[in-house]
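There are 2 protein chains.
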Amino acid sequence: MTRDELIKQIYSKKTFLCVGLDPDTEKIPKHLMEEEFPIYEFNKSIIDATAEQCVAYKPNSAFYEAYGLNGLTALEKTIRYIKTNYPKHFVIDDAKRGDIGNTSAMYAKSSFKRLNADAITVAPYMGRDSVKPFLQFEDKWAIVLGLTSNEGSADFQHLNVDGQELYLKVIETCASWGTKNNMMFVVGATQAAMFAKIRKIIPDHFLLVPGVGAQGGDLQEVCKHGLNKNIGLLINSSRGIIYASSAEDFAEKAGEEALKIATQMKSYF
Amino acid sequence: MTRDELIKQIYSKKTFLCVGLDPDTEKIPKHLMEEEFPIYEFNKSIIDATAEQCVAYKPNSAFYEAYGLNGLTALEKTIRYIKTNYPKHFVIDDAKRGDIGNTSAMYAKSSFKRLNADAITVAPYMGRDSVKPFLQFEDKWAIVLGLTSNEGSADFQHLNVDGQELYLKVIETCASWGTKNNMMFVVGATQAAMFAKIRKIIPDHFLLVPGVGAQGGDLQEVCKHGLNKNIGLLINSSRGIIYASSAEDFAEKAGEEALKIATQMKSYF
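So the protein sequences, as listed, match chains A and B. Just add 31 to the spot in the first sequence (first one is 1) and you have this note's numbering. Just add 31 to the spot in the second sequence (first one is 1) and you have this note's numbering.
Watch out, some of these pointers could steer you wrong.
If chains are identical, the list can't say which one is meant, so a pair holds when it fits in one copy or spans any two.
[Claimed, not checked] Cross-link-like lysine-lysine pairs, in silico, BS3-like; alpha carbons within 25 Å at most:
| no. | residue 1 | residue 2 |
| --- | --- | --- |
| 1 | LYS108 | LYS140 |
| 2 | LYS260 | LYS61 |
| 3 | LYS163 | LYS291 |
| 4 | LYS61 | LYS140 |
| 5 | LYS119 | LYS144 |
| 6 | LYS297 | LYS61 |
| 7 | LYS61 | LYS144 |
| 8 | LYS58 | LYS163 |
| 9 | LYS284 | LYS140 |
| 10 | LYS140 | LYS58 |
| 11 | LYS44 | LYS291 |
| 12 | LYS231 | LYS75 |
| 13 | LYS228 | LYS58 |
| 14 | LYS255 | LYS297 |
Think of the hints as simulated: they come from the structure by calculation, not from any bench. Source: prediction; values computed, not measured.
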C-alpha cells in the first residue's frame, strides 16, 4: 500500500486507529475453542466488528508462532481475510525481525510475499544490512523500532551517544536508508514527551504508536506532540479492544472500544 | 541442556563447532526437490554427515519461515530428528526475537516448548523485559546479540556511550540479568580484535561466534582472543559447510568441511 493510499483512507474515515491482533487462547471466549482454528474465528469476529473504526490491523507474530502450525495457519488466514474483505486496510506483521542481509531478505520475503503483509516491524541493532532488505519491495514498509513503550526501553534507548540519546540516533540513521514512503518508526505512547524531539528529525514519517490503553499511554498527549500535517500516526490498541469482554459479546464490546477511540480521533481532523 | 553437559560434550569430542542449518531451496541439490519436505531431507543428510564433528546445530528461522507451513514443518521435524538421534547436541533456534514482556514470553514458549530448542538468539534493543522472559525456563538459554559479524554492526554497536562502546554496555547490562548458566552472547568472528575487551566483562560466558568462513572470520584469531578455561566458544559455520557441494555428494562434502574445522579445533584441547 502506498503512503497516499494510507493517508486517503485515514482522511476518508477520520480515524488513525490500528487494532492489534494478539490472540491468546487463555483469554479468548471459551465457545470459540471448539473451532478448528479458534484464533482465526476470534480474529474474524474482531475484524468485522472494528473495521469501520480503524485503518490498520497489526497481528503480533509471537501470538501465532506459539501455537505452532495451527497458529501460523490462523495468521495466514487472518491476513487473507483482511485483504479479501477489507482491502483498504493496512496490515502490519508485528514480528520485530532483523538479521544479516541474506537472512533479513528471507524474513522480508516471508512477510511480504508469503503473508502478504504491507509492513513488518524491524529491530535496528544489527544496522544497515539488517534493515535495507525490507525496503526493496514496492509499496511495502519497514517499521523500525525507535523508542518503545516498555519498561526496558530505558536500558539502552535513552543512553547518551555523543550528546544525543540512542533512540534519536537510531531514528536519524535509519531514516537515511529509506524514505517516508517505505519506512515508519515505532514510538511508544508511554513516551509522549519525546515526540517533539522525534518530530524534529522526522517531521513527515508515519509513527506506529503502541501502548495506548493496557500499557498506560495517553491518546491526547500523543496527538498533541506527534501529529503532523498528514496525521502521520497509526495508534495501536490491542488488549484494550480485543479483550474488552471474554463472553459471547466479545466482538460487540471490541467494536464499542474501537469506536470510543475513533470518536476521540475525529476531533483531530 | 545444562552448561556442564555442554562442556562435557565439547571435551569428550574435542570440538566446539556449531553447524548452521540455513536451507535455501535455490541452493540445495535438485534431486531433493522431489521430496515432500526437501529442506528436512537436506538437513537430515547434513546432520548425519556432520554430527561427529560438531556439538551444536543452529537452524536459522528465516530460512524456514520463508517457505511457509512446509518450511516450518521442516524446522519442527529437523529439531525432532536431532533430539531423537543426537540427544547430546545443543540446538539453537536462531530467530533474533525480542519484544515487550508478554510477547517475549510467547516467543520463548514457541522456541523452548513447541520447537524444543535449547537456546534462542535474542535482540537486546528493547531492554530487560524483552530479554528476561527467555531466562525463565530450566536448562534453556538466551543468546543475546552482542557484537554481530555483519557490515551494519558498525552503525550502532560501536557508538560511544559515555566512554564505552555500545556493544560492551549491552553485554555488561544484559549479563546482569542472567548467569553463565542461562545466557550466552553472539560475538561475530569478523571482530576478533574485540574479543579481549569482551572477555574482560564476561570471562566465563559462552560466546556464539558466527561469521567463520563465508563471512570472512578467522578461526585462529577468534580462538586466540576468545577461548576461556572451559573453551567458552561455539563457533558456527553455515554456508561453508552445508553448501560445500550442490551435487549428490553434498552431505559427504559437508562432512569433510566440518572435519576440517573440527581438526583445527583439536589443537586447542
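Intra- versus inter-subunit Cα pairing at 25 Å for LYS163 with LYS291: Classified as neither; 38 Å inside a copy, 35 Å across copies.
Identical-chain pair category, LYS61 with LYS140, by Cα at 25 Å: between (35 Å within a copy, 22 Å between copies)
Intra- versus inter-subunit Cα pairing at 25 Å for LYS260 with LYS61: Intra 44 Å, inter 54 Å, cutoff 25 Å: neither.
Identical-chain pair category, LYS44 with LYS291, by Cα at 25 Å: Within one copy only: 14 Å inside, 63 Å across.
Within, between, both or neither, where LYS255 and LYS297 count as close if Cα-Cα is 25 Å or less: Within. Shortest intra-copy distance 14 Å satisfies the 25 Å Cα cut-off; inter-copy 63 Å does not.
Within, between, both or neither: LYS108, LYS140 at alpha-carbon 25 Å: Both: 18 Å inside a copy, 22 Å across copies.
Intra- versus inter-subunit Cα pairing at 25 Å for LYS284 with LYS140: Neither: 36 Å inside a chain and 29 Å across chains, both beyond 25 Å.
Homomeric proximity label, LYS231 with LYS75: Cα distance no greater than 25 Å: neither (39 Å within a copy, 53 Å between copies)
Intra/inter-copy verdict for LYS297 and LYS61 if alpha-carbon distance must be at most 25 Å: neither (35 Å within a copy, 57 Å between copies)
Within, between, both or neither: LYS140, LYS58 at alpha-carbon 25 Å: The answer is between: 17 Å across copies meets 25 Å, while 31 Å in one copy does not.
Status of LYS58 relative to LYS228 across identical chains (alpha carbons, at most 25 Å): For LYS228 and LYS58, neither the intra-copy (38 Å) nor the inter-copy (47 Å) Cα distance is at most 25 Å.
Homo-oligomer pair classification [LYS144, LYS61; C-alpha up to 25 Å]: This pair counts as between: shortest inter-copy Cα distance 23 Å, intra-copy 33 Å.
Checked against the numbered hints above, the structure violates hints 2, 3, 6, 9, 12 and 13; every other hint is satisfied.
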